[in-house]
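Peer 1: For reference, the chains in residue letters:
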Amino acid sequence: MANNFARILSGKRNVGIMSLIGAGSLTATFLLNREHVTAGAQVRRVYPASADYPDLRKHNNCMASHLTPAIYAKLVDKATPNGYTLDQAIQTGVDNPGHPFIKTVGMVAGDEESYEVFADLLDPVIKERHNGYDPQTMTHPTDLDSSKLKSGKFDERYVLSSRVRTGRSIRGLSLPPACTRAERREVEKVVVDALAGLKGDLAGTYYSLTHMTDQEQQQLIDDHFLFDKPVSPLLTCSGMARDWPDARGIWHNNTKTFLIWINEEDHTRVISMEKGGNMKRVFDRFCTGLKEVERLIQEKGWEFMWNERLGYILTCPSNLGTGLRAGVHVNLPKLSKDPRFTKILDNLRLQKRGTGGVDTAAVGSTFDISNLDRLGQSEVQLVQTVVDGVNYLIECEKKLEKGQDIKIPPPVVLQLLPILVQDVLQPLPLLVQDVLKPLPLLVQDVLKPLPLLVQDVLKPLPLLVQDVLKPLPLLVQDVLKPLPLLVQDVLKHLPLLVQDVLKPLPLLVQDVLKPLPLLVQDVLKPLPLLVQDVLKPLPLLVQDVLQPLPILVQVVLQLKVPEERVPGQVTFLSSSCIIIRLSSTYTSQSNRGNQGPVH
Amino acid sequence: MHLSIAGGLPCRMCVLLFSNDKMAKLTIKRLSPEEEFPDLSQHNNHMAKVLTQDMYTKLRDRATPNGFTIDGVIQTGIDNPGHPFIMTVGCVAGDEETYEVFKELLDPIIEDRHGGYKPTDKHKTDLNADNLKGGDDLDPNYVISSRVRTGRSIRGFCLPPHCSRGERRGVEKMSVEALDSLSGDLKGKYYALKNMTDAEQQQLIDDHFLFDKPVSPLLLASGMARDWPDGRGIWHNDTKTFLVWVNEEDHLRVISMQKGGNMKEVFNRFCTGLTKIETLFKDKGTSFMWNEHLGYVLTCPSNLGTGLRAGVHVKIPNMSKHAKFEEVLKRLRLQKRGTGGVDTAAVGGTFDISNADRLGFSEVELVQMVVDGVKLLVEMEKKLEKGQSIDDLMPAQK
Chain A
1 MANNFARILS
11 GKRNVGIMSL
21 IGAGSLTATF
31 LLNREHVTAG
41 AQVRRVYPAS
51 ADYPDLRKHN
61 NCMASHLTPA
71 IYAKLVDKAT
81 PNGYTLDQAI
91 QTGVDNPGHP
101 FIKTVGMVAG
111 DEESYEVFAD
121 LLDPVIKERH
131 NGYDPQTMTH
141 PTDLDSSKLK
151 SGKFDERYVL
161 SSRVRTGRSI
171 RGLSLPPACT
181 RAERREVEKV
191 VVDALAGLKG
201 DLAGTYYSLT
211 HMTDQEQQQL
221 IDDHFLFDKP
231 VSPLLTCSGM
241 ARDWPDARGI
251 WHNNTKTFLI
261 WINEEDHTRV
271 ISMEKGGNMK
281 RVFDRFCTGL
291 KEVERLIQEK
301 GWEFMWNERL
311 GYILTCPSNL
321 GTGLRAGVHV
331 NLPKLSKDPR
341 FTKILDNLRL
351 QKRGTGGVDT
361 AAVGSTFDIS
371 NLDRLGQSEV
381 QLVQTVVDGV
391 NYLIECEKKL
401 EKGQDIKIPP
411 PVVLQLLPIL
421 VQDVLQPLPL
431 LVQDVLKPLP
441 LLVQDVLKPL
451 PLLVQDVLKP
461 LPLLVQDVLK
471 PLPLLVQDVL
481 KPLPLLVQDV
491 LKHLPLLVQD
501 VLKPLPLLVQ
511 DVLKPLPLLV
521 QDVLKPLPLL
531 VQDVLKPLPL
541 LVQDVLQPLP
551 ILVQVVLQLK
561 VPEERVPGQV
571 TFLSSSCIII
581 RLSSTYTSQS
591 NRGNQGPVH
Chain B
1 MHLSIAGGLP
11 CRMCVLLFSN
21 DKMAKLTIKR
31 LSPEEEFPDL
41 SQHNNHMAKV
51 LTQDMYTKLR
61 DRATPNGFTI
71 DGVIQTGIDN
81 PGHPFIMTVG
91 CVAGDEETYE
101 VFKELLDPII
111 EDRHGGYKPT
121 DKHKTDLNAD
131 NLKGGDDLDP
141 NYVISSRVRT
151 GRSIRGFCLP
161 PHCSRGERRG
171 VEKMSVEALD
181 SLSGDLKGKY
191 YALKNMTDAE
201 QQQLIDDHFL
211 FDKPVSPLLL
221 ASGMARDWPD
231 GRGIWHNDTK
241 TFLVWVNEED
251 HLRVISMQKG
261 GNMKEVFNRF
271 CTGLTKIETL
281 FKDKGTSFMW
291 NEHLGYVLTC
301 PSNLGTGLRA
311 GVHVKIPNMS
321 KHAKFEEVLK
331 RLRLQKRGTG
341 GVDTAAVGGT
351 FDISNADRLG
361 FSEVELVQMV
371 VDGVKLLVEM
381 EKKLEKGQSI
391 DDLMPAQK
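Those sequence lines, one after another, are chains A and B. First residue of the first sequence? That's 1 in full-length UniProt numbering, and the numbers climb one at a time after it. First residue of the second sequence? That's 1 in full-length UniProt numbering, and the numbers climb one at a time after it.
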């Protein structure tokens with residue numbers, strides 16, 4: 001609550017919240033209009049939580065799967081600082097028992113704090129919806145550096161259009177299910193002010209839904225930009241369509257490639273799109289535009305809702321993280337009829353929709369193909385997944401055209417490296433270096449006390465020895481250098497108990513390397529007698545000792561490849577869910593086979 | 001816009017109601033009333049006609065003891081700017097206290113909607129069916145069916161726009177207990193919407209008894225369809241002439257109906273049933289929401305007073321095409337609808353004719369108007385069939 005006071009006093013924002021808790025009923029008395037609500041009069045909750053618990057026996061959505069009577073009883077008397085309650089958050093899931101095609105989420109957030117206050121319910125819902133992502137222990141990577149995208153141009157004989165969308169919420173204002181009219185208007189004002197500052201190919205115009213002329217409306221319909229009052233009960237039951245069309249509108253740039261919806265399902269929906277297959281350019285504009293808008297609102301003291309656990313905060317938990325859906329309209333007449341189509345999409349972590357969007361059927365053989373995931377992977381990673389996947393689909397289509405057979409690609413599984421594994425891998429190269437560093441000095445120290453006679457006789461010896469020994473550390477390093485990478489590559493196939501297997505590794509390496517200087521000493525001691533005979537085979541001996549090391553390590557680590565996923569089912573290998581990308585034979589195939597416009 | 005705290009409270013207001021262990025904390029956050037005032041420039045309903053900035057500023061600081069606010073009252077009117085055929089009310093009550101707490105808004109709406117009914121007027125309740133004259137002899141060649149319906153709310157519970165799941169189930173439980181103890185020709189059975197078998201559902205559809213989740217945005221925007229079908233159900237007697245809807249638009253909708261033109265019998269059963277049910281509730285220590293100014297209190301202000309709609313399905317193909325049809329109805333204080341109910345069109349010259357008023361007239365008076373009015377309409381129809389004029393039958397304005 002001190003936070004809220006600080007916010008009011010800072011005067012930076014227009015939103016002021018005063019919650020006077022514990023200050024005594026006197027203060028409450030002062031604030032309330034006494035005519036109709038008597039001092040200390042409480043909001044009447046006649047029934048205990050058990051009487052209000054919803055009947056979810058016929059329900060099939062994520063909320064219903066996780067809302068136990070115990071969790072309900074724990075959370076039902078809580079409210080966020082804006083007064084948003086659990087009953088409000090779950091209303092849409094209670095009113096909509098199930099969707100025929102997809103398991104819906106069944107709840108929404110009314111504000112940023114909902115994700116904290118109702119974490120006991122939202123965390124398991126997020127985990128189920130986002131393939132095991134645990135907000136309590138994991139962090140979400142945000143990466144809007146579009147230059148990292150590889151080969152983002154599709155064969156335009158197949159790809160008709162490319163599009164990337166996400167959402168952004170303005171911190172400090174409630175989300176559409178709970179916002180008041182004034183808050184909604186504030187969102188509109190903040191965003192429209194910022195958008196007015198965009199320049200160059202991003203410069204554009206705002207069309208408010210309330211003030212649109214018929215002509216403007218027709219143009220927006222023809223451009224396929226206009227959004228209308230939602231009719232889906234999934235959305236209307238959450239309360240996000242209240243006061244329609246007040247403070248709703250559409251902004252787009254003059255070239256009609258960058259589009260923003262204001263106050264539809266989220267504060268803003270940001271869309272970059274183009275006809276054709278240049279996903280790279282679409283993503284470039286997307287990232288540039290987003291960063292510009294962010295900069296412009298920051299100038300005025302606002303910011304986006306974001307945190308490192310959940311990434312960008314949006315109304316529906318299914319859109320957390322990146323909120324990103326990158327997709328294409330692609331024509332796949334042969335592949336779409338192949339019985340393996342669904343499995344291929346599954347393994348590529350893509351989903352298909354009709355060209356009218358979610359819940360529509362495809363027209364002809366043109367599909368909307370986009371990424372399945374939103375949270376746990378960065379924007380760059382997700383768009384790359386789409387690029388790689390769509391290229392693969394086009395390859396399949398081309399193969400089928402030629403009468404060749406296609407392969408189901410191995411599953412692209414999620415990279416959710418828990419921090420533990422990272423911690424184990426990080427010090428490895430340093431550990432190895434630390435062991436190797438004292439080596440040459442050790443060798444020199446051993447050689448120094450040799451008697452001068454021996455030296456005179458053996459004068460060429462030290463040089464000999466040095467010459468022989470010099471390459472030793474390098475040899476050892478050269479052999480060991482690829483080790484961490486090798487280890488990483490090897491580890492990528494590891495089953496989940498990587499930690500237990502990795503921990504002894506640095507020690508192993510140490511153990512192998514420790515006796516090395518002693519070995520050298522032992523070899524050097526009988527020098528006067530059999531120096532050359534002893535020294536000659538030394539490098540070879542060392543090499544022989546060192547060469548099998550990497551293989552030794554591999555053997556020690558015991559490779560294990562994870563099983564193939566069952567189609568349509570997300571399997572959790574453990575609560576931390578680590579499986580790492582296998583060597584992607586299909587990407588190299590797709591790179592090879594790409595005959596379209598040059599990357 | 002910057003916040004300034006000058007010597008007291010800022011213009012942003014927060015209302016916090018405390019709680020003990022059993023009750024919820026309610027924190028209402030608001031920006032200034034000017035910023036929150038809805039845009040009603042495109043609207044055409046009673047609420048939009050009456051609500052001014054000053055009124056909104058005054059009312060938004062209040063809440064009923066159940067936490068219902070002005071925004072809850074008017075949400076349906078904001079989301080539904082206008083109906084093509086009728087001037088809708090544009091607001092609802094969340095509990096009995098709404099009509100007190102938000103008087104400044106609701107009184108003018110009630111006055112406009114109910115023919116000039118003043119805040120000081122008293123409403124007569126008369127459920128004595130013996131006071132009805134005639135009504136048992138409407139010509140069955142023309143009058144296909146007769147029906148009387150009203151609504152009742154159970155005091156102590158919030159109304160459908162605002163009730164919690166527990167309250168709604170409480171209303172259902174209490175109502176079903178009361179209905180289960182009816183006897184004689186009123187003896188019947190309850191069918192909960194969520195436990196209905198397919199066979200039961202089909203039977204109720206065939207009987208034209210089943211009600212479904214509302215689709216009209218006028219109703220949905222008020223929040224009354226939340227948690228469907230939890231706590232909803234249909235009760236009817238074995239002879240299928242007395243029917244009660246539980247937790248649809250109101251706590252209870254009570255319907256008495258039968259084929260033919262014997263409105264007197266229908267009204268008899270209506271009054272008997274209602275009175276019995278009310279007695280049963282009183283035995284349990286509660287009662288219906290009622291006061292001497294507004295009569296029976298229901299969710300929509302248009303149903304205050306009697307909440308009564310008495311009507312017939314009547315065949316008047318000639319009369320309905322007559323130039324003076326609307327005028328006659330107006331003078332008789334009747335309204336026409338299609339046989340599918342409100343917002344439907346008539347099929348083949350058969351109309352649903354019922355009383356236009358709800359408040360300011362007693363139940364007996366309203367049913368009398370329907371009985372007398374329909375009788376006259378049938379006479380006129382017969383005359384027109386014979387090619388005669390109806391000018392001498394034109395009624396005076398009631």
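Since the hints were made in silico from the structure, they are not lab data. Careful: at least some of the hints might be erroneous.
Once the Cα atoms are required to be at most 30 angstroms apart in a straight line, the calculated DSBU-like pairs of lysine-lysine come out as [said to hold, decoys possible]:
1. B/K383 with A/K189
2. A/K399 with A/K334
3. B/K382 with B/K133
4. A/K58 with B/K213
5. A/K229 with B/K264
6. B/K173 with B/K321
7. B/K49 with A/K58
8. B/K49 with A/K103
9. B/K383 with B/K321
10. B/K189 with A/K78
11. A/K229 with B/K382
12. A/K74 with B/K194
13. A/K189 with B/K49
14. B/K49 with A/K78
15. B/K194 with A/K103
16. A/K58 with B/K194
17. A/K74 with B/K173
18. A/K58 with B/K189
Peer 1: Within 30 angstroms, alpha carbon to alpha carbon, are A/K58 and B/K213?
Peer 2: At roughly 16 angstroms apart (the allowed maximum being 30 angstroms), B/K213 and A/K58 satisfy the hint.
Peer 1: Compare the distance between the alpha carbons of B/K383 and B/K321 with 30 angstroms, and conclude whether the hinted pair is satisfied.
Peer 2: Holds, at about 14 angstroms.
Peer 1: Next pair to validate is B/K383 with A/K189; report whether the Cα-Cα distance is within 30 angstroms.
Peer 2: 66 angstroms, violated
Peer 1: Does B/K49 pair with A/K78 here, judged by a C-alpha cut-off of 30 angstroms?
Peer 2: Not OK: B/K49 and A/K78 at ~38 angstroms, beyond 30 angstroms, violated.
Peer 1: Is the straight-line distance between the alpha-carbon of A/K74 and that of B/K194 30 angstroms or less?
Peer 2: 27 angstroms, holds
Peer 1: Verify the proposed pairing of A/K58 with B/K194, using a straight-line Cα cut of 30 angstroms.
Peer 2: 9 angstroms, holds
Peer 1: Need the status of pair B/K189, A/K78: alpha-carbon distance at most 30 angstroms?
Peer 2: 40 angstroms, violated
Peer 1: With a cut-off of 30 angstroms on the C-alpha distance, tell me whether A/K399 and A/K334 pass.
Peer 2: Given pair A/K399, A/K334 holds - Cα atoms ~10 angstroms apart, limit 30 angstroms.
Peer 1: Just to be careful, I want the Cα atoms of B/K382 and B/K133 compared with a cutoff of 30 angstroms; is the pair within it?
Peer 2: 23 angstroms, holds
Peer 1: Can you confirm whether the C-alpha distance between A/K189 and B/K49 stays at or below 30 angstroms?
Peer 2: The given pair, whose Cα atoms are some 28 angstroms apart, holds under the 30 angstroms limit.
Peer 1: Within a Cα-Cα threshold of 30 angstroms, do A/K229 and B/K382 meet the stated pairing?
Peer 2: 50 angstroms, violated
Peer 1: Quickly compare the C-alpha distance for B/K173 and B/K321 to 30 angstroms and report which way the hint goes.
Peer 2: It is violated: about 48 angstroms lies between the C-alpha atoms, which goes past 30 angstroms.
Of the numbered hints stated above, those contradicted by the structure are hints 1, 5, 6, 7, 8, 10, 11, 14, listed in ascending order.
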